[in-house]
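*Asks:* Residues in the sequence shown are numbered consecutively from 1, following this note's numbering.
In case anyone wonders, no lab produced these hints; they're calculated from the structure. Even for Gly, the Cβ is constructed at its ideal location relative to N, Cα and C. Treat each hint with caution, since some may be false.
Per label pair, the in silico range of CB-to-CB distance [what the hints assert, rightly or not]:
hint: 1; residue 1: E69; residue 2: N20; range: 14 to 24 Å
hint: 2; residue 1: T7; residue 2: R81; range: 31 to 41 Å
hint: 3; residue 1: T7; residue 2: A30; range: 15 to 25 Å
hint: 4; residue 1: E69; residue 2: K16; range: 24 to 34 Å
hint: 5; residue 1: E69; residue 2: R19; range: 18 to 28 Å
hint: 6; residue 1: A52; residue 2: L74; range: 28 to 38 Å
hint: 7; residue 1: K38; residue 2: D70; range: 16 to 26 Å
hint: 8; residue 1: L74; residue 2: V24; range: 14 to 24 Å
hint: 9; residue 1: L90; residue 2: M1; range: 25 to 35 Å
hint: 10; residue 1: N20; residue 2: S46; range: 29 to 39 Å
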Amino acid sequence: MWEVRGTARVAKNLKKLQRNIREVVNKGFAVLGQSPFKGKTLKGYSGLRSLAITAPGGEYRIVYTLKPEDKVVLVILVGPREGFYEQLKLLLE
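Could you build the full structure based on these sequences and the hints that come with them?
*Replies:* As structure tokens, then:
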């Protein structure tokens, strides 16, 4: 089993989500802990993967990178699909 960790930005974004959506996102984290390669690789973003999850009100994304030497899934960004990849691009600039 892999350890799932999030950045400070992820913690901040999670606090903004409604409780029922946060619960679905946490289930997504559990999936990543069991199957870290489940998400798709992101084209144009070396080393990043994205897991799509369905929550009440729409689609959400979890973007993460893997640290295989430590068996760590490092979550970089969590949020609704709408405008998500623009937000990711700004974050990584």
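*Asks:* Please flag the earlier hints that this structure goes against, numbers listed from lowest up.
*Replies:* Structure breaks hints 1, 2, 5 and 6.
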